[in-house]
Amino acid sequence: MLLRTSAAFLLGSLAMLAAGPAFSQAGIDNAQQRAANLARNTAVKLNGGLVKYRPAACMFVIGGTPCLVKSDGKGFLFRFEGGGPAWQQLNQPPTTLTEVLVDPSGREVIGTPVNKILTPAAKP
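Take the sequence shown: its letter number 27 is residue 29 in the working numbering, and every next letter is one higher.
If you are wondering where the hints come from, they were derived from the structure by calculation, not from laboratory data.
Hints may contain errors.
[Claimed, not checked] Derived lysine-lysine pairs resembling DSS-like cross-links, with alpha carbons at most 30 angstroms apart:
1) K118 <-> K76
2) K76 <-> K47
3) K72 <-> K118
4) K47 <-> K118
5) K54 <-> K118
6) K47 <-> K72
7) K72 <-> K54
[Stated by the list, open to error] For each label pair, taking beta carbons as the anchor points, the in silico distance ranges come out as:
8) G51 <-> Q94: 24 to 34 angstroms
9) N43 <-> S73: 14 to 24 angstroms
10) P122 <-> N32: 20 to 30 angstroms
11) G75 <-> P122: 30 to 40 angstroms
12) N43 <-> Q90: 13 to 23 angstroms
13) G75 <-> V53: 13 to 23 angstroms
14) G113 <-> N93: 30 to 40 angstroms
15) I119 <-> N39: 20 to 30 angstroms
16) I64 <-> S107: 17 to 27 angstroms
17) P95 <-> G75: 31 to 41 angstroms
18) V63 <-> I112: 19 to 29 angstroms
19) L92 <-> I119: 12 to 22 angstroms
20) Q91 <-> P68: 16 to 26 angstroms
21) T121 <-> D31: 29 to 39 angstroms
C-beta: ideal position from N, C-alpha, C; glycine also.
Whenever a hint applies, use it, and build me the whole structure from the sequences.
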């Protein structure tokens, strides 16, 4: 009985993997996705954690984010706004603008050229 259950689980798992394309099969660069995750988490840390800050929704897109403004041999540059928890859902203006540069492998932050507080007149 245990053997049949294990076999069914294994076959079900394989079917799930086969049903959805892997990142590379869908044309998604794994390094770019890692870089986006790292950039988003870096901004969260820089701006006081999730209790105080949420990055723009574009930083949660899987497989390519509109917040990626440059990708070349130097790495991935992300530019995005942020604000307090639920700022976008509540239609509130952003309070911060952040840029994060991540190395081409997507594993290391090279720098944060911009992390500034936005005033209503300063919104890009």
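Problem set entry | Enumerated hints in conflict with the structure, sorted upward | Those not satisfied are hints 8, 10 and 13.
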